[in-house]
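**Student:** Given next are the chains, with one letter for each unit.
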Amino acid sequence: MSKTALVVDDSPTMRQMVAFTLTNAGFKVVEAEHGRDAVAKVAGGPPVDIVVTDLNMPEMDGISLIKELRKMAAFKFTPILMLTTESAADKKQAGKEAGATGWIVKPFNPDLILKIIAKVLPT
Amino acid sequence: MSNDFSQFQDAFFEEAAEHLAVVEEGLLALEQHPEDLDLLNKIFRSAHSIKGTSGMFGFNAVAQFTHKMETLLDLLRNGQKAVTPAIADLLLRSTDCLKTLIDAAKTGSSVDDVTVQRLTEELAASQNASGSQSMPQGNGPSKIKPASAGPELYSYAIAWAPPDWLFQRGLDPQQIFKELADIGTLSQVTVDATKLPELATMDPEKCYLSWRMKFETAKDRQVVDAVFEFVREDSVLTITEEVQGKELEVRGEESPSFVTPDGTESKPKPLGELLVESGVVSRETLNKALSQQKRVGEILVEQHAATPQQISQALQKQQDNAAHAKKGTETASIRVDTDKIDKLINLVGELVITQSMLSDLGARFEINQLPVLLERMAQLEGNTREIQERVMSIRMLPIGTAFSRFPRLVRDLSAKAGKKIQLVLSGEETELDKTVIESIGDPLTHLVRNSADHGLETPEERLDNNKPELGTIRLNAFHEGGNICITVEDDGRGLNRDKILAKAVKQGLIAENEKPPDDQIWPLIFKPGFSTAEKVTDVSGRGVGMDVVKRNIEGLGGTVKIKTALGKGTVFTLKLPLTLAIIEGMTVRVGKETYIVPLLSILESIQPKAGAMKTVIGKGELINVRETYLPMIRMYEVFALQPEYTDPTKAILLILETEGERVAVMVDEILGQQQVVIKSMEKNFRKVDGIAGATILGDGTVGFILDIRGLLEIARRGVAA
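Protein sequences appear in the order of chains S and D.
Using the working numbering, the letters of the first sequence map in sequence onto residues 55 to 177.
Using the working numbering, the letters of the second sequence map in sequence onto residues 0 to 720.
No wet-lab data here; the hints were simulated from the structure.
Predicted, not measured: the structure shown is a model, and the values here were computed from it.
In this text, a Cβ means the ideal position worked out from N, Cα and C, and glycines have one as well.
Just to be clear, a hint being listed does not mean it is correct.
[Said to hold, decoys possible] Computed spacing ranges between beta-carbons, pair by pair:
{"no.": "1", "chain 1": "D", "residue 1": "Thr237", "chain 2": "S", "residue 2": "Pro100", "range": "35 to 45 angstroms"}
{"no.": "2", "chain 1": "S", "residue 1": "Asp144", "chain 2": "D", "residue 2": "Ala217", "range": "56 to 66 angstroms"}
{"no.": "3", "chain 1": "S", "residue 1": "Lys130", "chain 2": "D", "residue 2": "Asp441", "range": "53 to 63 angstroms"}
{"no.": "4", "chain 1": "D", "residue 1": "Trp164", "chain 2": "S", "residue 2": "Asp144", "range": "12 to 22 angstroms"}
{"no.": "5", "chain 1": "D", "residue 1": "Thr383", "chain 2": "S", "residue 2": "Lys130", "range": "49 to 59 angstroms"}
{"no.": "6", "chain 1": "S", "residue 1": "Asp144", "chain 2": "D", "residue 2": "Ser679", "range": "55 to 65 angstroms"}
[What the hints assert, rightly or not] Which stretches of chain S does chain D cover? Using the computed rule of at least three CB atoms under 8 angstroms from a CB of chain D, they are:
{"no.": "7", "stretch": "86-98"}
{"no.": "8", "stretch": "122-135"}
{"no.": "9", "stretch": "146-157"}
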């Protein structure tokens, strides 16, 4: 049974790269352009096993998305990884407070994403 | 299965270009509304995206430079610094610089390091050294040490008390133990449950436990630290190393990142940088020295090793090469709305259904089913037409992409020329073919420059003439029939009839006593080398004249028209075909052959009276059309055909116009008007003089599309021979 990942990023290139890596690793991937889109997509969609989200996005940013998701019963304990740049130390803190499980620091390579996901994804 | 990101590079460049446009437009708007926080956020997001994604591909120069911009933008966004014209200007110049950096990453073209360096410093200076954050060290060595040669075992004592909200962040202690077990051996794991409250008061979503354990591993210390990456900062964590009796203790504090992208190589630093770093010279001294540094070209000229002309030719070549390289990598990709594709897939589905109904009908056809057949054929035709339209629409982009460069251009022009200019854009959503959009950028730029430089007056002159100080340039695009019209309009001084006339007489284009009507005077400005500008400025007069504009537009199968009123302004109207792949053509017959004449070039068709033809020595045959003599071309002679008529009074003459020249072409018959799909001759056969391309006609035969320009040249050559 393949796991489902929700990938949220307003940059199509970045989103596709993450989605591509996860698809290759056997995940089913749901893509969303920003927080609001993600909330809409999880509402009627399949259960999500892991979330990877960018922070800076229009409509609804990553931090707000994490807060929204943590309010939902289905996402209470779901691993949520945020995509950050190293310079955004304050963002990392804000993300943790919102309930982010961990972070992937940009720039990243495919192996790193998979490694970090393996780290937080319950087997 | 390949986990290689390089396939996303093209997408990145496309996306980066879009983000750059957003940044530039945003900054221009920001100059007008410095308090607009939404705008700042938008600019910041785009810069941030460029930074993040460029780092993914190892474009570190881009990432680092964008980081500097981003830091400044962040300060503006947080209100720590105010948007001043100087800062907006700095950011705009930085955007230009970023463009060249991205181009360099794309094409390998060279970058002006001095400019990059200077802007980097200006950006840093503008931040007033306020908490400068470090950039991800893409170039730096990996923090993870290579595995040591021997299987040396480290042994650690780990005490870990996680924060109680561990589970609420989706973290699971089991995961951490599992990860540790993967890289080493866990032993003596003890759990401390003393903090566990009474069952009644226990919150099952909280973590009350802490652990102690012994851990043996061959891995480096950083790897062990990395296991606790997401929890370390919030836990009470002690990892004590027990090596050779020496104990090292590190509390869980923020350690440097454990990852760096691999596959990047560090570039040796320039000498100047090293000297500054080692304190031999100061940054100022270095910059001064760099600014005195001469270009190779200048040195060579001084040593008389090369002439300035040779150098400038070589530079030109270098630029051409760069431009060529740029073109080469100009990817042929296009972004299409998923909507458009979905509709197309739907239509193809319908086509398949129609086709299967038809083949079913064909398998057991009886003549009484003819009405059904006709109905299905009509359905097929409908499907085909709609698919054609949809496919064409995939190549259609809003012209706004071509307009987007103008706000910046006009801003710079108005600053340079000391004029007050506002630019009004409309019809940006008008769609046309991608190729056409890419090709009209330069002609449009020239027209806008022309309007700003020659069209609009100085503020004083405008006030003297009872006009508002602020001059207006309007760019508008709209559909008209099967064409798109783009107008470039200014409310400036208008074309000066007398000046143009005087210049034309001087250049021998018209006789001195001639008094041509206005509509014959205005097109004179499209003649090569024709400029009435009194002085050559930085903006115009750089060799690219209005003649090039006209040639470019006509190269696209379009026309340029001028409307002007002295003291009121000038309107240039460009009329372009929606696409280059399909043209509206008139099919004509010569003997048994069918040719297609581009409809746009046809002025009229006539049947001349006897006596209208004249043969002039050295000029071939001429025909008198309303008192103007036009060269006449007999198609059958050019293409060596057997015509139906050799007498012009029985045949039909098409009066065609190209680049302002008119010519009469003799054909046997006009068959009708139709859209034809152009097939390249060069790709399928070879270039043939007088033929622009070929197409497949309704009956399956090949028809040639006439190249009017080429025909004119053949006619001239024929005379000369």
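**Student:** Next step is simple, just say for each hint if it's right about the structure.
**Tutor:** Hint by hint, here is what the structure shows:
1. Thr237/D x Pro100/S: 35 to 45 angstroms: 42 angstroms, holds
2. Asp144/S x Ala217/D: 56 to 66 angstroms: 37 angstroms, violated
3. Lys130/S x Asp441/D: 53 to 63 angstroms: 58 angstroms, holds
4. Trp164/D x Asp144/S: 12 to 22 angstroms: 19 angstroms, holds
5. Thr383/D x Lys130/S: 49 to 59 angstroms: 55 angstroms, holds
6. Asp144/S x Ser679/D: 55 to 65 angstroms: Taking Cβ atoms as reference, Asp144/S and Ser679/D lie about 58 angstroms apart, which means the hint holds.
7. 86-98: As far as the stretch 86-98 of chain S goes, the hint is violated, because 0 residues have Cβ atoms under 8 angstroms from chain D.
8. 122-135: Since three or more residues must qualify, the claim that chain D covers the stretch 122-135 of chain S holds, with 6 doing so at under 8 angstroms.
9. 146-157: holds (count 6)
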